[in-house]
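Undergrad: Read off the chains here:
2 protein chains.
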Amino acid sequence: MQIIKLALSKHPYSIIVGNQHIQGLGVLIKKLNIGDHAYIITNPLIRKQHGNKIDIALKKSNFRIRYALVKDAETSKSIGTASRIIRDIAAYDKKKRIFIIALGGGVIGDLAGFIASIYKRGVPYIQIPTTLLAQVDSSIGGKTAIDLAAGKNLVGAFYQPKLVFSDISLLHTLGLRQLRNGLAEIIKYAVIKDRVLFNYLEKKYQDILSLGPSALEFTVARCSLIKARIVKRDEKEEKGIRTILNFGHTIGHAIEAAQGYHGYNHGEAVSLGMLCACDIGESLGLTGRETTQRIERLITAVGLPTIIRKIPCKKIIEAHFHDKKFIGKKNRMVLITAIGKTKIKDNIPLATIRKALKKRS
Amino acid sequence: MQIIKLALSKHPYSIIVGNQHIQGLGVLIKKLNIGDHAYIITNPLIRKQHGNKIDIALKKSNFRIRYALVKDAETSKSIGTASRIIRDIAAYDKKKRIFIIALGGGVIGDLAGFIASIYKRGVPYIQIPTTLLAQVDSSIGGKTAIDLAAGKNLVGAFYQPKLVFSDISLLHTLGLRQLRNGLAEIIKYAVIKDRVLFNYLEKKYQDILSLGPSALEFTVARCSLIKARIVKRDEKEEKGIRTILNFGHTIGHAIEAAQGYHGYNHGEAVSLGMLCACDIGESLGLTGRETTQRIERLITAVGLPTIIRKIPCKKIIEAHFHDKKFIGKKNRMVLITAIGKTKIKDNIPLATIRKALKKRS
Chain A
8 MQIIKLALSK HPYSIIVGNQ HIQGLGVLIK KLNIGDHAYI ITNPLIRKQH
58 GNKIDIALKK SNFRIRYALV KDAETSKSIG TASRIIRDIA AYDKKKRIFI
108 IALGGGVIGD LAGFIASIYK RGVPYIQIPT TLLAQVDSSI GGKTAIDLAA
158 GKNLVGAFYQ PKLVFSDISL LHTLGLRQLR NGLAEIIKYA VIKDRVLFNY
208 LEKKYQDILS LGPSALEFTV ARCSLIKARI VKRDEKEEKG IRTILNFGHT
258 IGHAIEAAQG YHGYNHGEAV SLGMLCACDI GESLGLTGRE TTQRIERLIT
308 AVGLPTIIRK IPCKKIIEAH FHDKKFIGKK NRMVLITAIG KTKIKDNIPL
358 ATIRKALKKR S
Chain B
8 MQIIKLALSK HPYSIIVGNQ HIQGLGVLIK KLNIGDHAYI ITNPLIRKQH
58 GNKIDIALKK SNFRIRYALV KDAETSKSIG TASRIIRDIA AYDKKKRIFI
108 IALGGGVIGD LAGFIASIYK RGVPYIQIPT TLLAQVDSSI GGKTAIDLAA
158 GKNLVGAFYQ PKLVFSDISL LHTLGLRQLR NGLAEIIKYA VIKDRVLFNY
208 LEKKYQDILS LGPSALEFTV ARCSLIKARI VKRDEKEEKG IRTILNFGHT
258 IGHAIEAAQG YHGYNHGEAV SLGMLCACDI GESLGLTGRE TTQRIERLIT
308 AVGLPTIIRK IPCKKIIEAH FHDKKFIGKK NRMVLITAIG KTKIKDNIPL
358 ATIRKALKKR S
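Sequence lines, in order, name chains A and B.
Numbered per the numbering used here, the first sequence spans residues 8 to 368.
Numbered per the numbering used here, the second sequence spans residues 8 to 368.
To be clear, the hints were calculated from the coordinates, so they are not data collected in a lab.
Warning: the hint list may mix true and false statements.
Since the list gives no way to pick out one identical chain from another, each pair is judged satisfied if it fits inside one copy or across any two copies.
What the hints assert, rightly or not - Derived pair list, reagent style DSS-like, types lysine-lysine, alpha-carbon separation capped at 30 Å:
1) K38 to K337
2) K348 to K67
3) K55 to K103
4) K101 to K321
5) K55 to K17
6) K17 to K211
7) K350 to K239
8) K101 to K243
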């Protein structure tokens, strides 16, 4: 088990990464002194797969439990679902000290975190991520949100959990595509910040995809630490430090938006986005050809895509203009000069972006 | 014109109190560099009364303007209204730099501030309070919220504006009952923190009720300064400092809730709550009889109620148990030992509260 501290000055918390340690969850939460009633937001499948273990661990420490179930889909990140759950919490919450548990992947983490942030102007919550992507990325850092028709994550808050509890045994129920989804973000961390991790991934990616416990625990803890360090320095994405986490995400988000969030999942789109960012870096003389090739080899090896299929380049360019980070400003992209080294570039010519997209189409 | 600084470490802002200074609004906002498009949330009456002046001031500084109108009622603080406005903002906001203006009383300030806090995880907003109550209290300090059926202000955020712009000329359209509504909070500030202000009010309350500009400007600025100092020391009501602002509000809120938010308005309920708190203080040997009498004389003189009519004491006690500040804890009340001096007491016996309520019924 590894404990990573996210030492924010106002609300520090721990990210605990381990294997089969759910039985200790109740005791851990008790120590936080955040309430007696756990309000768990999850989906029916996860409750069936993991609910029982969680219940036993919490009841052992005398917590009361209530579940709210949402559909296992991005559509759950809606104002409608959030309202329904908040009303249920308010009805349940008379004379209780409740806290919220987000038990699930990114959709549930974002939704539950947002609900926790606005109910009574903020109640404590805990992230128990159940996907590889959520364990290494979305559960850490306090970005919460729901979607509008006009765009994803348009309504939300920065609101930190009291604990992130990552148990790699929860990942055993994931399919190969979901594991690759997480691996894309893991590769991103390695590329932007951690040459050693990149070398490790080149050798051990197969262990991760086959759920080898030591490779998983090492990787989840290593990525959690990278993210924790970045978030600590720039909690609310105001200082341009957290920006580097967007490597591969500018084009990645545009690909997701251009296909109406069907087709490529987040990790697949980010893989394509990372390769486009490498190509753009090459065009601008920042990224060496051999660096791009090395990243492409790893992405290919783990089974993530390297070619954008069935999305017209024009649609991706259009979608990229709607990035909420650009509104009223110039475009901005995270590029790399080597593995582990980033450079933020503003005002990248459209022709350069178009050329990269054409190359990958 | 007076400028009061609310020197919060992360997001300091100014409260500007003046008379007929709206023509300078555009220049002021320009200096803040918060965007080019003003999205103004208000109600139809206020837009009719004051919209034109605001428009002229903003257009002079080249701001674009869009209005969102809500009903002039507490029911506008709903998830439904908030969603409708957020969707409108998102549709309007493509490639723009928008900021939000809350133009109105407490309902609009709470609603618009909450919307600003969650749209894109926070966009800048400005408070232009148009009631005396909002100028001295709700526009300052960043408490934003909407209501649920289960209770008022159950969903919200702490989210600070970039500017509070109080113009006492906006108060000319208010009726006497609305002015008294604000005076109740002004009396509260004097009682908890400012003996000099209390003496002043005893002499000058009539000037305030007849909209005398120097009395109004003095009082609004003085109360803004008191609130700013308290909020600076305890932005998120975590340190028990901001708690003293709840003087009169424990019973006040319970009275409002017991009557289903019909009948007494907030200031009237707070007046009754302040007198009950004095009575409770007397019972506990903290408050002198002559202090209570002096406060009661002022409350009577300004035309605020001193007797609770038509609400059974039992219902108020019941409602007081649902105070969201007590959940899972003991009750807590702000009492006074003299004018300008508070004492926070926990665990006040029900019998003592009941006795005070009976006396005032």
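Undergrad: With 30 Å as the alpha-carbon cut-off, assign the pair K17 and K211 to within, between, both or neither.
TA: neither (38 Å within a copy, 43 Å between copies)
Undergrad: Between copies, within a copy, both or neither: which fits K348 and K67 at Cα up to 30 Å?
TA: neither (47 Å within a copy, 47 Å between copies)
Undergrad: Between K38 and K337, at a C-alpha cutoff of 30 Å, which is it: within one copy, between copies, both, or neither?
TA: Answer is between; shortest inter-copy Cα gap is 21 Å, intra-copy 47 Å.
Undergrad: Since the copies are identical, ignore which copy is meant and state whether K55 and K17 lie within 30 Å (CA to CA) inside a copy, between copies, both or neither.
TA: neither (36 Å within a copy, 44 Å between copies)
Undergrad: Between the shortest in-copy and the shortest cross-copy C-alpha distance, which are at most 30 Å for K101 and K243: within, between, both, or neither?
TA: Answer is between: at 22 Å across copies they meet the 30 Å cutoff, but 33 Å inside does not.
Undergrad: For the identical chains here, do K350 and K239 meet the 30 Å Cα criterion within one copy, between copies, both, or neither?
TA: For K350 and K239, the Cα distance is within 30 Å only inside one copy (20 Å; across copies 38 Å).
Undergrad: How do K55 and K103 come out at 30 Å by Cα distance, when the copy is not named: within, between, both, or neither?
TA: within (26 Å within a copy, 45 Å between copies)
Undergrad: How would you label the pair K101, K321 (within, between, both, or neither) given a Cα cut-off of 30 Å?
TA: between (53 Å within a copy, 18 Å between copies)
Consistency note: the structure conflicts with the earlier hints numbered 2, 5, 6.
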